[in-house]
Each structure stands twice: as C-alpha cells, then as structure tokens.
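Asks: For reference, the chains in residue letters:
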Amino acid sequence: MARKTVLIDTSLCTGCKACSVACKAWNELPAEKTQLLTSYQTQSAFTTKTWTYMTFVEKYEDQKMNWLMRKAQCFHCADPACMKACSSNAITKTESGYVVIDQEKCIGCGYCVENCPFGVPKVDLIKKKSYKCTGCIDRVENNLLPACVHTCQPGALSFGERDAMLAQAKKRLVEVQKTHPKAQLYGENEMGGMTYLYLLLDSPEIYDLPVKPTVPLSLTLWKDVIRPVGTVAVGGAAAAVVLGVFANLFRGNYGNSDNKEGGRD
Amino acid sequence: MALKMETRNQMPKRIIEDKVLRFSAGERLSHWVHAISFFVLLFTGLGVLSTSFQPAMAIFGGIQVAQLIHRIAAVFFVVVVGLMFFVGNPRYHWRWLKFVFSFKKSDWQHVCAFPKEFFGGHGNYPEQEKYNGGEKINSLITIFGTVFITLSGVVMWFSSSFPPALVRWAYPVHDLSMFIMTAAAIGHIYLGLLHPDSRAAMSGMINGYVSTKFARAHHREWYERLKKEQSMNEQKNV
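Read top to bottom, the protein sequences are chains A and B.
Per my numbering, residue 104 is the first one in the first sequence, and the count goes up by one each step.
Per my numbering, residue 3 is the first one in the second sequence, and the count goes up by one each step.
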C-alpha cells in the first residue's frame with residue numbers, strides 16, 4: 104500500500120471534539136474523568152486510553168482573539184524515534200506510513216515514551232504495555248477512513264494518497280495565508296515527513312509543538328554508536344582472553360612450577 | 003586500658019610466616035557482593051539489551067520478573083557496598099580509594115608492560131605497591147562505572163520524576179557503563195582464574211592471604227613496606 108496521509112486543516116476545525124469520541128468508540132477505549140483546564144481544553148496529555156484530544160489556545164492580537172485549535176494524536180513519523188528506541192522490536196512502520204505498536208512483543212520498558220519528541224506513547228503500568236494512536240490501520244487496510252476522519256463534520260480532516268494530500272495542503276495554505284499570514288504546513292519534512300500533516304494557523308511553538316522536532320541525539324548515540332562499539336569491546340575482551348589462554352598454553356606457562364606460587368622473583 | 007588502646011591502634015600483623023594479609027574481611031565482602039550482584043544485574047538486564055536474549059529471560063520466570071530481580075539486585079549492588087565505606091572497619095575501603103586515585107609513573111610503566119604479561123610474556127616494569135597499574139585501572143573502571151551506572155539507573159527507575167531530556171541521556175550512560183564494566187570483568191576474571199602468573203592472587207580475595215612469594219614477585223614495594231612496618235612495631239613492643 105502506497106504512502107497515505109491525513110491532512111489536518113486547522114482553519115476548518117471547530118473544536119467539536121467528535122474526533123476524540125469516534126477514536127474512543129472505534130478503538131473501544133473507555134472514557135476518562137476530565138476537567139476544564141484552559142479555554143475549552145479538557146486534556147493536557149495523552150494517556151493509555153486517550154489517543155487523540157483537542158488543544159485550544161487563545162491568542163490575543165490587536166484586541167482580537169485568535170482561537171487556535173488542534174487535534175493532537177501520533178504523527179506517525181517516517182523516521183520514528185519510538186521505533187529506534189524500542190527494546191523489543193515491538194514498534195514497526197508500515198509501507199503506508201503508519202507506526203504501530205505490537206502489544207504482544209511490547210514489554211512496557213517505556214523507552215518509546217521517553218524518546219518521542221511529542222510525548223505520544225504511554226505505558227500502562229499494570230499491563231506493562233505501551234499504547235498510542237494506531238492511525239486506525241485496521242480500518243485503513245480495509246479501505247475504510249480512519250475513525251476520526253470519518254466523523255469530522257467541518258471537513259478539517261481528509262485522508263488520501265500522500266502526493267494528493269500534499270497538493271491539497273499547499274493549495275489550502277495559499278488560501279488560508281490571506282487571512283492568517285503566519286499559517287504554515289507542519290509535517291511535510293519534519294521527522295522525515297509525518298503521516299499526519301498539519302495546516303497550522305500560526306507557528307508551531309504557539310501550539311506547544313517543537314519547531315524542529317528531531318530524533319534525540321542521545322538516542323542516535325546510544326543505538327548507533329555505544330551499542331555497536333560496546334558489543335565489539337566486550338567481544339574483543341573475550342577474544343583477548345581466549346587468545347591469552349592459548350598463548351600461555353603455547354609458552355608452557357601452565358606447567359611452570361614457579362607460577363603456581365605466583366613466583367618468578 | 004591504655005595498653006588496650008595501644009594494641010588497637012597498632013597495625014595488624016600483616017605478614018605471618020609465608021603469607022601476607024592483602025584484603026580484610028570487609029574488603030572481601032564488598033568485592034563478592036559487588037561481583038555477584040553485578041552478574042545478576044548483567045544477566046537480568048540482557049532482555050532489554052537485545053531481543054535475542056529475551057527467550058533466555060525464562061530462566062528468571064519471564065522478562066517482568068527479570069526486571070524486578072534487576073531492581074532488587076541493584077539495591078544490594080549500591081547499598082551494601084556503599085555501607086561498607088561507613089560501617090564495620092571502613093578504613094580499608096578508603097585506603098583502597100586513596101591507593102587507586104594516586105596514579106604514578108610506575109603504574110603507567112606497569113600498564114605499558116601489561117599486554118605482554120596478559121599473553122603470558124614477561125614485561126619490564128618497576129616494583130609495584132599493593133595495587134599495580136593494571137589493578138588501579140580496573141578499580142577506577144569499577145568506581146566510575148558503578149557511580150555512572152547507579153546514577154543513570156536511578157533516573158531510569160524513577161523516570162517519571164525526571165525531565166525526559168535527562169532520562170534520554172540515562173540510557174546511553176547506563177549502556178556505556180555496562181559495556182566497559184563487562185569488558186573489564188572478563189579480563190579481571192581471566193587474570194584471577196586462568197592466567198598462570200597472576201591467578202595466585204585469587205586466595206587474597208578468598209581467605210585474605212597471598213603467598214609471600216607472590217607478594218615479593220608482584221608487589222615488592224608493598225611487601226617491603228609491610229616488612230619494615232612490622233619490624234618497627236615488633237621493636238616497639240619489645
């Protein structure tokens with residue numbers, strides 16, 4: 104299956120939160136007790152049972168309020184830090200661009216939680232499993248729209264082939280920039296290009312998103328340098344010991360009575 | 003009373019006939035607690051190092067049990083050896099630190115001759131104190147490795163109490179410490195058990211004593227110092 108993309112056009116979003124309800128319904132995730140945090144926002148972070156939620160920012164400019172809304176979920180990065188961090192090869196990336204966790208393989212170590220630049224995966228401490236948005240891959244692979252896209256009334260969410268979605272996003276951007284000059288795309292190139300592509304009305308930091316999200320340097324150093332070099336070092340030490348035993352045998356050092364007492368004055 | 007104080011302050015008799023006391027009971031306890039817990043930690047940690055080790059975690063009763071044992075062993079690894087620096091007779095532990103942190107030219111010369119010795123040859127190096135240059139390096143690896151693996155381990159254990167940026171760095175630090183300590187341990191075990199010339203040192207970690215022959219051959223500077231101190235003490239007592 105070719106690369107898919109979900110375009111989230113925040114200029115069309117009304118903040119109705121139907122997407123988060125549809126997500127819970129399809130994925131059979133129980134509701135959680137929430138409270139009003141700021142503006143219309145009721146959730147501050149992902150949980151093992153909440154894979155998508157709405158963020159609201161009230162930005163005041165020239166006596167005018169800009170109400171910035173964003174549907175948050177896993178971005179499904181093309182270069183996913185969670186997958187690189189996973190200790191158990193439980194996280195994989197599909198050809199269609201989805202990053203999925205295999206809960207059978209997951210041991211709940213939490214390395215994905217700490218390394219995701221967006222704080223997406225969450226570990227259930229009882230079940231010892233990590234959970235996040237699946238992108239409704241079970242629907243997508245059966246030619247159904249993702250639950251959130253399917254339910255979106257104002258048409259803020261659209262799903263399709265990556266090229267088509269990118270073209271649509273760029274066309275919309277020109278339009279939106281007439282009223283929101285700071286509007287920009289987020290996810291075209293970030294993290295290798297993300298399956299969930301945003302048309303934001305303002306710069307990413309206003310939405311509390313990292314401007315230049317990257318795979319953490321510590322993760323690259325850990326998996327690409329320390330792991331291979333360390334393995335060679337331990338293997339080298341073991342090889343040196345084997346060589347040492349043979350060298351001593353060859354030199355006849357084991358039969359030398361002087362050595363028994365640790366001698367040779 | 004005064005007499006008793008005097009005897010207690012005396013250096014214990016280190017050379018007894020053909021044997022020299024090298025390690026106190028406390029030092030031996032610390033060594034073996036460290037060694038055993040290190041290997042328990044290493045083996046229970048293998049499951050998160052590579053998936054190829056995950057089936058082997060069945061030995062411990064599954065990877066979740068292995069992770070629990072890892073945490074229990076970590077407490078022993080840190081607390082028991084840490085306490086030995088403060089309770090009982092901690093003087094020897096602090097002396098060990100003083101020894102290994104004074105790295106001299108003669109230590110460096112031993113390190114340079116060490117590869118030759120390792121493979122059964124005979125390298126030239128000056129007379130050594132209680133710890134030779136190689137032993138000092140092994141000790142330093144143990145000290146710094148333990149400190150870094152402990153600090154990073156605490157951050158990983160209580161990850162929700164630390165900022166993600168710090169937790170992310172704890173992983174490579176924990177792994178790097180493990181790799182260096184494991185490589186050092188492999189060489190250390192070889193020298194203690196399999197190396198024909200140095201394995202005579204093993205008894206020092208079992209009953210505390212090494213042969214005078216070994217002491218003279220490997221740590222002459224130390225042996226001569228002990229001999230001098232002992233004879234001075236004997237003269238004082240006479």
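Incorrect hints may appear among the rest.
Beta-carbon label-pair distances, calculated as ranges [what the hints assert, rightly or not]:
hint, chain 1, residue 1, chain 2, residue 2, range
1, A, I309, B, S163, 26 to 32 Å
2, A, V332, B, F87, 44 to 50 Å
3, A, T334, B, I74, 43 to 49 Å
4, A, Q206, B, P166, 31 to 37 Å
5, A, D327, B, S108, 37 to 43 Å
6, B, V89, A, Q206, 22 to 28 Å
7, A, V332, B, A37, 21 to 27 Å
8, B, I74, A, Q206, 52 to 58 Å
9, A, K136, B, V156, 51 to 57 Å
10, A, K274, B, P166, 32 to 38 Å
11, B, I191, A, D205, 47 to 53 Å
12, B, R227, A, D327, 32 to 38 Å
Here are some of the chain B residues that sit facing chain A, going by a computed Cβ distance under 10 Å [to be verified]:
hint, residue
13, V156
14, A167
15, T184
Quick caveat, the hints were computed from the structure, so don't treat them as lab data.
None of the values given here were measured: they were computed from a predicted structure.
All C-beta atoms, glycine included, are put in the ideal place defined by N, C-alpha and C.
Asks: Compare the structure with each hint and give your call.
Replies: Evaluated hints:
{"no.": "1", "hint": "A:I309 to B:S163: 26 to 32 Å", "in the structure": "holds (29 Å)"}
{"no.": "2", "hint": "A:V332 to B:F87: 44 to 50 Å", "in the structure": "violated (32 Å)"}
{"no.": "3", "hint": "A:T334 to B:I74: 43 to 49 Å", "in the structure": "violated (27 Å)"}
{"no.": "4", "hint": "A:Q206 to B:P166: 31 to 37 Å", "in the structure": "violated (23 Å)"}
{"no.": "5", "hint": "A:D327 to B:S108: 37 to 43 Å", "in the structure": "holds (40 Å)"}
{"no.": "6", "hint": "B:V89 to A:Q206: 22 to 28 Å", "in the structure": "violated (47 Å)"}
{"no.": "7", "hint": "A:V332 to B:A37: 21 to 27 Å", "in the structure": "holds (25 Å)"}
{"no.": "8", "hint": "B:I74 to A:Q206: 52 to 58 Å", "in the structure": "violated (27 Å)"}
{"no.": "9", "hint": "A:K136 to B:V156: 51 to 57 Å", "in the structure": "violated (32 Å)"}
{"no.": "10", "hint": "A:K274 to B:P166: 32 to 38 Å", "in the structure": "holds (37 Å)"}
{"no.": "11", "hint": "B:I191 to A:D205: 47 to 53 Å", "in the structure": "violated (38 Å)"}
{"no.": "12", "hint": "B:R227 to A:D327: 32 to 38 Å", "in the structure": "violated (49 Å)"}
{"no.": "13", "hint": "V156", "in the structure": "violated (15 Å)"}
{"no.": "14", "hint": "A167", "in the structure": "holds (8 Å)"}
{"no.": "15", "hint": "T184", "in the structure": "holds (5 Å)"}
Consistency note: the structure conflicts with the earlier hints numbered 2, 3, 4, 6, 8, 9, 11, 12, 13.
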